[in-house]
Every structure is written in C-alpha cells, then in structure tokens.
Amino acid sequence: MEPSIATSIGQIHLDKPVMLASGILGISLDVFNRLYASGAGAVVTKSLSTAAWEGYPNPTIFSVKGGGWINAVGLSNPGASYFAKMIEPNQDVPIIVSLVGSIPEDFEMMIKEFKNCKVKAYELNMSCPHVARVGLEVGDDPGLVKEIVSTVKKATDVPVIAKVGLGTSNYLNTVGTAVDSGIDAITAINTVRAMAIDVETKRPILSNKFGGLSGTPIKPIALRCVYEISSKYDIPIIGCGGISSWEDAVEFFLAGASGVQLGSAIGDNWVGVFDDINKGILDYMKRNNYSTIKEMVGLAKKS
Amino acid sequence: MQRNLNHPTIVTIEKVIDETPTVRTLVFSDDVMPTVLPGQFAMVWIPGVNELPMSVMISKESGKAAFTVRKHGPSSTGLFNVPVGGQIGIRGPYGNSFDVKEGKLLLVGGGTGLVPMMRLLTFVKPTDDVTVLMGAKSKDEVFFEDLSNELLKNNPHKVIVSTDDGSYGEKGFVTDMVEKLVNETKFDAVYVCGPEIMMYKTVQSAHSRNIFVQASLERMMKCGVGICGSCCVGEDLACRDGTVFDGDHLSTNKEFGHLHRNKAGILEKY
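These protein sequence lines are chains Y and L, in that order. When we follow my numbering, the leftmost residue of the first sequence carries the number 1, and every step to the right adds one. When we follow my numbering, the leftmost residue of the second sequence carries the number 1001, and every step to the right adds one.
No lab work stands behind these hints, which were simulated from the structure alone. A portion of the hints provided could be inaccurate.
[What the hints assert, rightly or not] Computed from the model, here is a short list of chain Y residues facing chain L with C-beta under 10 Å: (1) Trp53; (2) Val64; (3) Met86; (4) Glu88; (5) Asp92; (6) Arg193; (7) Met195; (8) Ala196; (9) Ile205; (10) Asn208; (11) Gly267.
[As the list claims (entries may be wrong)] Label-pair ranges, simulated between beta-carbon atoms: (12) L/Pro1074 - Y/Arg133: 54 to 64 Å; (13) Y/Gly67 - L/Lys1015: 54 to 64 Å; (14) Y/Asn288 - L/Glu1014: 32 to 42 Å.
[To be verified] 25 Å max Cα-Cα, derived BS3-like pairs, lysine-lysine: (15) L/Lys1104 - L/Lys1015; (16) L/Lys1158 - L/Lys1139; (17) Y/Lys85 - L/Lys1158; (18) L/Lys1139 - L/Lys1101; (19) L/Lys1064 - L/Lys1139; (20) L/Lys1125 - L/Lys1139; (21) Y/Lys202 - L/Lys1015; (22) Y/Lys146 - Y/Lys115; (23) L/Lys1071 - Y/Lys118; (24) Y/Lys65 - Y/Lys118; (25) Y/Lys294 - Y/Lys232; (26) L/Lys1171 - L/Lys1125; (27) L/Lys1201 - L/Lys1153; (28) L/Lys1071 - L/Lys1125; (29) L/Lys1101 - Y/Lys209; (30) Y/Lys112 - Y/Lys153; (31) Y/Lys85 - L/Lys1263; (32) Y/Lys85 - L/Lys1139.
Glycine included, C-beta positions come from ideal geometry on N, C-alpha and C.
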C-alpha cells in the first residue's frame, strides 16, 4: 500500500507535513490558496497584533554571505480584526493563526475576532527576537507564558501551539511552563537574534540593527532543540529552522517532530519547494517501508 | 568569495545628472547591473535612510549602470540627495523581464516608469518600428526624449511627448494618446511602466484589441525575493512572479488597477 504523508500533531490533523512558517508571505488569502495548491500542509499567518503594525523601515531582509537570511521586518501586519475578515470566506486551506501580544488580554481579544473563521490552530509567538515587549521578551518570562497559555486555552477549543526560540533564559523552561499550562503543541524554533555590519559604510545593515537569522545555518540548532524537547516532554512538536529539503524534514521527524515549517527556503527555491519535499519524504518512506509519518517520529532517540 | 546577489554590494556614485528639477540619474560602476534584462530591478540601500526597489537605468559608458529617481517621500529624496562619491548598497537583480517582440512596438512610460523602457530600447532590432510615448505633468518634467531619439536613430521611430498641462508636446493624459495610437496602428506589442492607473488603462486599451501588452508593476517591497509577502497583488508576488505581467494575466487580477497594500498589508484603493 502507498505510504501516507498525512500527519497528526496532537489534535491537529494535516494531509501533508510541511507548513509555511509564520512571517512568510502571510497577508493575502489568494496567496494562501496558491501555497496550499503548491503542497503546503497548512499555512501559518504573519503574527497578528491587536492593531495594525507597519514594521521597520528597510533594509528588513537580506541574505548572509555563506548562507541564510537575517530579517527584522518588525512583525508588520494588518491587525487581527482586518485579517479575520479577510480569511472569513476560507473553507479549504488549513490556516494556523499566529498571534503576538504583550499580555493575556491581547490574545483573548484577538481570538474573539476569529469567531467566524475556520482556524486549524493558534500559534502563540513567544520567540520573535527583534520586537520589544512581545515575542522573546514574553517567552523569557515564565509567569507571563503561564498566564497567556492558560487564558488562551480558556478562550478557545481550537488547538493552541506555542512557538519558542532561543532567548536569554533556558527555552526548555518556557516549553515546560507552556506544557504545564495546557499547551497542545510546540513549534521550535524561531529565528536566532543576529546582526550584520557593512564594512564599507561601517553601519549595521538592518534599519533595526538586530534581526533574526534563519535558513540553513540554524538548522542544526533547531534540530538539537527539537531533540531536547522531545526527550524531556511528552508534547507534539513542529520543527522549524532551516528546512529546505526532504532530508531536512526527515531529520526533524527522526528527532521527534510530527510536522515541519519552512520559510527561508521560499526565498531560495520559491513555492515549488513544498511539492519537492513532499515527494522526497514519500520516496524515503517507500524505501524504508514506513506507511505513516508517525513511525519515524523520534526514532533517532532510540539509537 | 563569489558575489552574493542577495547581499548588499556597495557601489560609489560617480556622476549625478539632473534630468528635471525633481529627477536625477545617479551613475555607478558595477559588474552585474549594466547587463540586467529590461524590467529587472534592484533593491537599493541608502545607508541611514531606507532600501528601495529601483529599475536599473542604462548608462552610455560600458561597465556602468544608473538609477533614475524622482524625489517624492523621505526615501526617494534620500537617494536623490546622494552626492558624487556617496555610497549606496545594491542587491539583485530581481524579477522577470519584458518579452521582447519584433515589428511595430509601442513603449509607454510615465515619469520614472521610462527607466525600464530605455533599457528595452537597447534590445530592439534595427528593423523594428518603434513608438515611444512619454508622459509628464509639464514641460519642466520631460526627460529622456533626446535619449530615446538617440537610441532609436537607426530605427523607423517616433517619440511622442504628452504633458498634462499642454506646455510641451501633445496636451492631455498619456492614456488618451494610447487609445488614439492603438486605434490607428496595429501594434505587435505594447509595453508600459508608470503610475498604476496609467498602466491599467493602457493594458485595457491594448488587451481589448487583442494586442500583446505587458506592464511592470510597482508595489511596497521589503525583501525583493518572495519571502515577506508585502508586494502581493492577488495571488501574485510582484517581486518574484513579476514585476512584468502580461495583459492576459493582469485582466484576471482583481487588485491590479484598483488596490494596493500599505506598509501594514492593508488593501487601499488607488
């Protein structure tokens, strides 16, 4: 029998295991439809805030010599209310709504906006490394993580994911707090705080000076985090960070992820990357006689 | 190390040409930008100011390229004010390019939308019959007329200027002139770049007569490579699928000519 690349991340069931990561291409329903048709198992929206944010001036994104990207877009987004109205007509595309805020009430208020929308899951951004008072600054505060997760879990029956990254505190404690507070899954990791300086003009290139490093250079770090989380906690995991090929995706499954997200690979390989990875995973499963993704999840921990 | 086209490369401005009171051309030496295809753009970093998508202008000197900018907001004014000896960063080229057809060609440019048209003129064959239509608000704001004539000196050609106030050339909007020209002449291709309403009407005029037409779209751009999503037009990304689109495709896009996104991604009417 033909193997199936469908996967379940806790209660989140997807036909395909590779998702679009938050922050990438995420502001138009027409583009979501296109990505879904291109083989994305789900699309994660840009992180939405209670009000519209313009983000930082350019330069906001450029690639690093030697590989990878640094960005500080600044969480530009049209706001949760505007966004909810835009995706209201959607029935087909599994949309994971990413939310960013500073206090539990921000998240509670935004979830109400989506009451008429078909939302596959919410992903709480607790790891953006370049915007003050949200993202990593929330993830680094265990008390706040607990309050936000508990509040969001009470506000919705839809599965809730926490996206964690590398901040100033041990990210495993953030994961632990989120798990204790009832989180349904973890996405690991976000971009890693970084910068670049131009030697001719002697200036930081990003207008925000600091940004987040993504792409191939952070894959080994993200893989280590997924392995660590799956070794310590019994929680469904989505791997994210530098995935650009089917081998990368399978590595994350073997480390303990049940699904993966990608973003930077779009810049290098455009939207065909989803189908390429899906096909590669399927071929690998055939060669290894796996019939489900689940059979691969966490296998590397047994060796 | 080989040049990373997605990483800013610093170039020095060698010459500044005042085209009009509000438009300047900044010339620089580079290995990559002089050879880009017509319609392709670069992301141009003005250190301390911003980074802007810019069509790449030709230069008469080999190994050199240029940017032609109109001062408008803080960012374009920042580029406008870069002096000789000043440094800017460039990455790219990005995007697709015009499909160069043969025969009777109509090139329509409004303001700095003429920049990709000048590069396109360097790709036409001597046998092509070329009409360049350029729009400006007034006589003071007309530029590239002499350059167009010079680039087309070996071709059967016409360069038509229209000014909104009639202070030079034909009086009226470019789009009215387009309508007149496509009624009179069976063009093999029409190319347009300029303000979107101008492009929309030009595409309509040509497409409704089954004339091949292409437009180069301008949108809010942050990354230039299809990651940030800021420049989406319906399901298309201007930076990655464009900036050049065919009239056939544009006539099915419900945002073209009607809506664009602001910095936060909210759709606004033109």
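Against the structure, test the hints numbered earlier, and report the numbers of the ones violated in rising order. Violated: hints 4, 5, 6, 7, 10, 12, 13, 14, 15, 17, 18, 19, 20, 23, 24, 26, 27, 28, 29 and 32.
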